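Letter by letter, the chains look like this.
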Amino acid sequence: MMIQKIKNIFLWFFSRLGFFYIVVFLFLFFMVDGNNLKNRIKVGKLNYYYPKFEEFHEYIQGQRPSIDVESFRQYFNIALEYVPYEPGAMMAMAHFALREENIQQAIQYLSKTMELYPGLFWNAYNLGILAYRANAGDFVEKALTASLMIPPQMAIYHMRLSIVYRQILSKVGETYDMLRAISLAKENAKILLADYYFKQKNFQKAFLLATEALKDPHLMNKSAMFFYAYQSASSLGQEQTAEQLKQQQELLKLPKYTGITAENLVFRFF
Amino acid sequence: MKYLLPVLNKFWDDIQSSSLKEFLYLICIPFFIWFLSFAPVFLGQKSLYLDANAYFHQISYFIDHLKQGIYPLWFPNSEFGMTYEFFLRRIGDGNPVYLLLAFFSFLGMSYTAVYALFLLGYFFLGVYGFYLIADQLFRDKFFSFLAYIIFLFSSFSAHLFSNYIILIFVPLIWFFYFFLRFIKDFRSWQCLGIFLSVAIGLTTYVPIIFALIVGWFFVCFSLLYADRVASFFKALCDFIKKNKMLFTGCIVFLMMALIPVAQFYIESKSKEIFLPTRSSGVMLDRSVQVADTAVNAGDVFAHGHFEKLFFNQKGMTRWEFFISYLVFLLFFVAMLAPLNRVLILLGLLSLGIMSVAGGHITPIYQWLYQHVFGVKFVRQLFYFFWVFVLPVSILFLVYAFQRLLSEQKSILRKRIVLGVYGASSFIFLMFILTRTGILWGGVLASLMSVIWVGFLLFDEQKKYRVISLLLVLFFVAFQGFELNRAMLKDFPNGSLSYRGADYRVTDKYFVRHVSLEETPSLTKIDPFLLQLSGKTHAHVASFWLTALRKNPDIQAFKWFIQYRFWLYDDVQVYDNDEEMIEKITSYWQNKKNITAFIPREMANSLEKRSLRKNVLAVPVTIETKEFKIEKVTPNKVIFHTSFLEDKFVLMTDTYSQGWKLWIDGKRSSVLRANIAFKGFWIPKGEHRIVLEYASMAQELWRFFVLGVFALITVMIFVFLWYERRLVKRGQG
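Just so you know, the protein sequences line up as chains P and W, in that order. Mapping to the working numbering: the first sequence position 219 is 219, numbers consecutive. All you need for the working numbering is the position in the second sequence, starting with 1, plus 1000.
Just so you know, these hints were derived from the structure itself, not from any lab. Any given hint might turn out to be false.
[Stated by the list, open to error] Here are some of the chain W residues that sit facing chain P, going by a computed Cβ distance under 8 Å:
1) L1050
2) H1303
3) G1304
4) A1337
Being a predicted model, the structure only gives us computed values, none of them experimental. Ideal Cβ placement from N, Cα and C applies to all residues, glycine included.
With the sequences and hints as input, model every part of the structure.
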């Protein structure tokens, strides 16, 4: 009787969907590649349970003067171990290197990321800024031009492909307009690029870049672009054009442009 | 309640007995609620984005030309010209729905409105197909409705506005519907439906997605229903014997439909189509092939689909997965359901395809990549999840739940099931309450579903069916509506507009009033060329153009491509593309454009002419008297020349072997010039030049094939109508 009952329970168990679940679970357990999914899930979990991400967010925004850098570095190292060259982690490492004033190391991180993830706008933008700060000529033009070529929607799409980046973005808040931020950063990239060309005495390129930028009705910093357009035109001997630009500038009553400042050279995540 | 119940029961009986009422109340009303949740997109307040944006333009371009009587096979304004076959393969040009869209456009509807209507109608077709499949499986309208609303209010629908999986989903779902009907009834319209959906499925996007899913279905089906396979084949043979003409016609139709796919496959070996993001920047065996390393970016875990399922739902963004929380509760309680072959089949189907969607996480994908033809052409593996795993999993769970309910006869067992469900709900509720950012809809679904299951379990006479139906519609739709609205915040504002007239190539953009002495004025450049010239890479372009674009001097490139035609006196042959790119860039930077360059492999086709050295090339502008455009369509350019000397004409439109040249009716060669463009000699004197990518015969053939697709669709309706008429007369 007892055996019959046990037999019935077994039969009932084998005839249930729960049994199928167990078979599927075992299949997944043995089939799933630990070095791939597990690592990605681990980074995701690491992100999710990482308690101090708020601090990191404030730190990179400049709202917090210091954080436990070592603990974060450890976190990003683990992320890089799980997913080699994880772009969000690479950018964070570059940020730490920059804070320690090791600008060359930061450029290395960013240039490697740009090679692997050319669609990541903020990476290319930051590389351009750091290259400008370090006077690394080739990188300035290459990185800033590349950042200008990335369509804003595509830039956000590429940011969201990174597991770490997604976590950083989740702290941004609903009201933050990422498209607007990219648009402003692009304008800044143009100013830096025009300045770079101007300093390189490549007046033709500086002139074209500045005059093209001036055609944008949404341009915020018109003074800077008028400055480079006017100065380049004068240097090219196009006196008439220069005079026209000067008149236009005066007509608009724009404030005087004082050159590149620290504000133009801020490393940004979003 | 005493008075209301009979009314509700009568209402339910009406739904069961009338197809029209079933369609209106069970299908259309939930669909209308769904429509309201995404109304801002359809009303133009929010816009499509990412791939959906590109597909809007490509489909609009296609229907724009269809209504003009042109079958576009070249796309002059995409990346300096490229074969449109690439885009036709993506949108599935045989789909008869495009004829309908062209008709609406012909009636005067805007392209934006036509496309919105297409998305709405095509999605409806897909979800209705899903309902019909559920109805075939469950044989119970209540459970079919349940599966339908769960699917309708999942985040699948959000993909309408960000990518194009709907184009793969609809033929797939209708294939399964026709197949399930066919193995039972063996009717002509079902056979036609199978062939039509297979033809559309295999000619849209990457055919292997459709083929792999259908193939896996047949493997599982044959294994689990081995005892019925022989009788099925016998019945199939009988059907073929009886309908020889029809079956042969269907086979011929399928082969005809697949010809462009085969041609595209062959052409994909050339360097004329190159997709850097798929191939990781390396030229692989086939242009559409995906590099092993690029797959990780497309598998189901790459885009963080599942991150907001139980977390921060207010920040729900594109492509993120959500589904009614009822599904998770059904998953728990379904473990008590009795197993049968259908459940095992659905489970295996879902699991097998999910293994592929996971990419490298299981050895299955790696094995398929190496051994199964076509798998290496799929990059966006997560499509497998959305178009198949998700709907099949919903069917699986609802079917299991139906079986569980139907098995419970005694009060005790019913109480046990309700207890298990209640306990699962309580644990689940506790879990979601500990998460941050969960919207109310999820909490409501978890709570109300317990009452709903109670109704279902203890309503033996099905008196409260309508109440159960309304209850489940309320909490499933409420959660879906809330999440859809949260997701809408991530959509860009405004609406898209198709620049039809601009996309059409006119001589306005071929000859512009610009003189060489001027500094290139950006305002005078063809807006499309300007837009393209600023890009350093493209999603798809020729291999040579991609190489040329790596050149960082955009200004020099812009200067060159601002004209559609350059007239050269000198042509030189070169050996190495990469070295030549550097030289050419330097020439353009210095405005020293005196020679056109032809690769060595084309030197045999280069006719020798008397050359004038060191003469600057001249662009064709509106002032060029010896060059007049007669006609421009996507497939053809006709112009007249009257040069005093022989000229080598370079057209800043991508080189392709498909272009043919006739000078006064006599065939001549089109060469690859200046790395990526078309070039050809034109002798002095007056000539009529015809550059043709697709002949009239080719265009007519493509129209004919499209017509056959439409004819098959009409035949399905006619056969179905005829059959129903016979049934009504009692002869069926």
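Can you list which hints this structure breaks, lowest number first? Violated: none.
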